[in-house]
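*Asks:* Here are the chains, one letter per residue:
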Amino acid sequence: MSYLEYTVKSVPTGLRKVLYVNWALVILLFTVCAVGFLMLYSVAGGSMEPWAEPQMERFAMGIVVMFAVAFTPIWFWRNMAGAAYLVGLALLVLVMLVGSVGMGAQRWINLGFMRLQPSEVMKIALVMMLAAYYDWLDPKKVSRPFWVLIPVVLIIVPTVLVLKQPDLGTAILLLLGGAVVMFCAGVSLWYFGGVAALGAGLVTLVMMSRGKSWQLLKDYQFKRIDIFLDPGSDPLGAGYHIMQAKIALGSGGWAGRGYLQGTQSRLNFLPEKQTDFIFTTLGEEFGFVGAISLLVLYVLIIAFCISAAMQTKDRFSALLILGVAATFFFYFAVNMAMVMGLAPVVGVPLPLVSYGGSAMLVLLGAFGLVQSAHIHKPRGR
Amino acid sequence: MRRSTQDSDTSARKVSRRALLLGGAQVAVVAGLGLRMRYMQIVESGKYRMLADENRINIRLIPPARGLIFDRNGILLAGNEQNYSVTIVREDAGDNVRKVLNRLKGLIPITDDDIESTIHEMKRRSPFVPITVADRLSWEDLSRVAVNGPALPGVSPSVGLSRHYPLDKDLAHVVGYVGPVSERDLARYADPDPVLQIPKFQIGKTGVELKLEDQLRGKAGTKQLEVNAVGRVMRELSRTPPTPGDNVQLTINAALQDFLHARLGNEAAASVVMDLSNGDLLAIGSSPSFDPNLFVRGISYKDYDRLLNNDHRPLVDKSVAGTYPPGSTFKIITGMAALEAGKLDPKEIIYCPGYVQLGNRRFHCWKHSGHGKVDLRKSLAQSCDVYYYEVSQRVGIDAISAMARKMGLGERHELPMSAIAAGLAPTKEWKRRVHKRDWLVGDTLNAAIGQGYVLASPLQLAVMAGRIATGRAIQPRLVRSINGVEQPVHPAPPMNFKPFAVDGVRGGLFAVVNGEHGTAHFARIETEGMTMAGKTGTSQVFSITAAERARGLIKNADLPWNRRDHGLFVAFAPFDNPRYALSVVIEHSGGSHPAAAIARDLMLQTLYGGLPPLSAYPAYQRNEIKAAQDALQLRDLAPAPTPARTRA
Chain A
1 MSYLEYTVKS
11 VPTGLRKVLY
21 VNWALVILLF
31 TVCAVGFLML
41 YSVAGGSMEP
51 WAEPQMERFA
61 MGIVVMFAVA
71 FTPIWFWRNM
81 AGAAYLVGLA
91 LLVLVMLVGS
101 VGMGAQRWIN
111 LGFMRLQPSE
121 VMKIALVMML
131 AAYYDWLDPK
141 KVSRPFWVLI
151 PVVLIIVPTV
161 LVLKQPDLGT
171 AILLLLGGAV
181 VMFCAGVSLW
191 YFGGVAALGA
201 GLVTLVMMSR
211 GKSWQLLKDY
221 QFKRIDIFLD
231 PGSDPLGAGY
241 HIMQAKIALG
251 SGGWAGRGYL
261 QGTQSRLNFL
271 PEKQTDFIFT
281 TLGEEFGFVG
291 AISLLVLYVL
301 IIAFCISAAM
311 QTKDRFSALL
321 ILGVAATFFF
331 YFAVNMAMVM
341 GLAPVVGVPL
351 PLVSYGGSAM
361 LVLLGAFGLV
371 QSAHIHKPRG
381 R
Chain B
1 MRRSTQDSDT
11 SARKVSRRAL
21 LLGGAQVAVV
31 AGLGLRMRYM
41 QIVESGKYRM
51 LADENRINIR
61 LIPPARGLIF
71 DRNGILLAGN
81 EQNYSVTIVR
91 EDAGDNVRKV
101 LNRLKGLIPI
111 TDDDIESTIH
121 EMKRRSPFVP
131 ITVADRLSWE
141 DLSRVAVNGP
151 ALPGVSPSVG
161 LSRHYPLDKD
171 LAHVVGYVGP
181 VSERDLARYA
191 DPDPVLQIPK
201 FQIGKTGVEL
211 KLEDQLRGKA
221 GTKQLEVNAV
231 GRVMRELSRT
241 PPTPGDNVQL
251 TINAALQDFL
261 HARLGNEAAA
271 SVVMDLSNGD
281 LLAIGSSPSF
291 DPNLFVRGIS
301 YKDYDRLLNN
311 DHRPLVDKSV
321 AGTYPPGSTF
331 KIITGMAALE
341 AGKLDPKEII
351 YCPGYVQLGN
361 RRFHCWKHSG
371 HGKVDLRKSL
381 AQSCDVYYYE
391 VSQRVGIDAI
401 SAMARKMGLG
411 ERHELPMSAI
421 AAGLAPTKEW
431 KRRVHKRDWL
441 VGDTLNAAIG
451 QGYVLASPLQ
461 LAVMAGRIAT
471 GRAIQPRLVR
481 SINGVEQPVH
491 PAPPMNFKPF
501 AVDGVRGGLF
511 AVVNGEHGTA
521 HFARIETEGM
531 TMAGKTGTSQ
541 VFSITAAERA
551 RGLIKNADLP
561 WNRRDHGLFV
571 AFAPFDNPRY
581 ALSVVIEHSG
591 GSHPAAAIAR
601 DLMLQTLYGG
611 LPPLSAYPAY
621 QRNEIKAAQD
631 ALQLRDLAPA
641 PTPARTRA
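Respectively, the protein sequence lines represent chains A and B.
Read the first sequence against full-length UniProt numbering and you will find it ends at 381, with the numbers running on by one and no gaps.
Read the second sequence against full-length UniProt numbering and you will find it ends at 648, with the numbers running on by one and no gaps.
The set of hints was computed from the structure by calculation and includes no laboratory data.
Treat the hints loosely; a few may be bogus.
[Unchecked claim] Result set (PhoX-like, lysine-lysine): computed pairs, CA atoms no more than 20 angstroms apart in a straight line: (1) Lys14/B - Lys140/A; (2) Lys141/A - Lys14/B; (3) Lys347/B - Lys223/B.
Just so it is clear, the structure is predicted and the values come from calculations on it, not from any experiment.
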């Protein structure tokens, strides 16, 4: 069903839209952001500077963006999907040409008032593009090879551009986010199974070649893979940071060491404590109770999104919401797994909590899309 | 393109189904994350908490203040001096460290080399570590730095403790000195005290400082510091104060020791003064000496070379480590051995023609014309060699050496000093073992007059004098109390000599100084009740060759310094009630007179507790003595006001 098929009457207009906002989701998002402010204040040693205050400013900006997006009709966003995707691609190319180098990677463009990370924009633009694609495509054709190939190309192009920066974490999130939209759109499971099997086979082949005469990678490349998979094997390099992160989390115990009392973060044992590893400070200062609470907040956000997606009959809305929710899920799942030593350190921030303007703005904007879909969903009369 | 409602319903249902599938997978992942959190934060929490504490807590040692060393009257011999230094912290010094250091150069005595080495050191260390720019500054230097603080960012004055020896050369050999811990020092201990790892920590290197290291060192305190990931100290968590080392009081009388050194002057000499009531060593010195403070600061190659290559050997403690042929002072032993063995009567007359013929060898008396008829008293007073050639053959070397050991020669006296020599009281068995040759009668004759194999240190000679004076086995003592606890006086059991023997020898020693023809008659003491008895000795360094003898007697004064005879003197006083014994050995003095003169001055100084009146000296010597007394440069030594512990 397309939005053209239902009467405009069934869609709220003007100020009535405020009533149809999913307020529970808004409150959940704000709560998570507030946790972020609290932690940024703590890791700065009990100071608004240098992280908590700028983060709050971005948050204020993000709220405006979110509601502006939310009150704009969802069909407008569907029409904009292709443009958003192309702008995203253009920015990714631009950042390679003129971008600033930070942490050994070309990631952002300086806009004057903020530093924009095109890869963050792309995560949502890709989801929008795929959702619009499947909304346009006849559902009967979704599993035909040609129609499968098109979204695959749509995913691969930005992923490769991001990998070039290089930003492995974001590339993985793009790949997974795109795959989820394809999955939800109903692409045959055989494709997923095939890709998974192919990938596993390739990895196995490469790993088996080690030490053989037909070795596919150089020794130092294998060594790098070893350290990537098991940082403990490099205790003075990558292993040092992951070990310190685990110590911070573990030493929190049941109820934590108390707010502003975390020795690991206060004494600078933690790496990237305001960005990728901020969760360890939360775990250190608020313990298991605090850590599991944040996890529950995240889960609730996902649950609200999935429920909203299942309620709407608009194919674009549903796929968009699911894609945004999945991207959000991969954000925190990969980040937590990473700091708990379950996954290699790939550089994924904790959504809405880690310090970072682009991610904050883009995520709030993305939830604006979710709200827009929720507000403007066809309500049968 | 229009789709049927049915189509879109089917597709929406499919989306919902996939969404639920996705949700399920997500729940599984979240459950995994939650379980991991539970495992880390609850199950393994204790392990991680411990690791976190290990991360942040750093235990540092606080060095203890070293125990002080005092003389018997509470005069400080070794103390801890405030050591003023200036340090600089790179990160506080701003951009131009060199500029700050150059400004500092205008205020305190540092060289361009110091500046370069400071900058070099800085580059190797973390920016917050204080680097010492200059050490051992004066209070004035330090004040100048403090006043100019605002112009010197990152520079701060600091105070530490460093060993100091106020009497510098007077007790260099007794007290010794400290220095930074070396690998060899660490190797000495099976389980080294962690305090030794503190950079620049000072440990005893020689003398009392070395031997009483365990008592003097004290116990380190600790402070628990919280440090951050790069090692910067954030705060102090707790502190255990260090325990200062025990204070040590020596038996030494610093004023007498000072007099001893002043009197020995630049001679290569040693002297020991002992209190006979308890064996206390009142003074024990070796000259020339050196300033131990040089070693604490780190002696320069130039200074060290000068000490090492000096032919008067200032680094060697001649009082305990120097062994000399005792010469005629050994006649006390030979005489006692013969008398105790019943092989000699004090009144027996032995004729001295000036030599003894033994086979085809002739053993001369120092007086080639001979002493004529000699009894025990005369043999000692005039130091007749032939008399002792004769009696030594009656008793044999083994009995003589046994007596020597009984009198304290040929064995180590345990004192907390470095390199104490055992000397040598030779026996037949010893010569066979060491030299693989049989003992000859000629060897006995040489030994009888303290030449040949016999060797003794000034300390042993003083003990010998004390034992013959009292008839008791007096043992020397150097430490009077540790941490206020009196150290035991060694027992001095009577040696049960036959009265006629010991009286006979003592009478001879009386005559040496007081008899008209005594070899040290000039060195007598006139004061009543302070009469001194003693024995001169001269020991040959090189035997004069037959060719030289043929050319006639060579006077010592004509020989080069290092070939002249050593002069020795042992004494005790007062004769009737002996309280003090002493020994003086002067290397290459050419004869015993200088030693006897010093011995008398020392004895008088000891008896009077200060410079004696001129009336103590024979009238004809008084003008000369007066001039000598006036020329002496003595310290003004006042006892320390509070011989209490000092704290860091």
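*Asks:* If you check each hint against the structure, which ones fail?
*Replies:* Hint 3 contradicted; others consistent.
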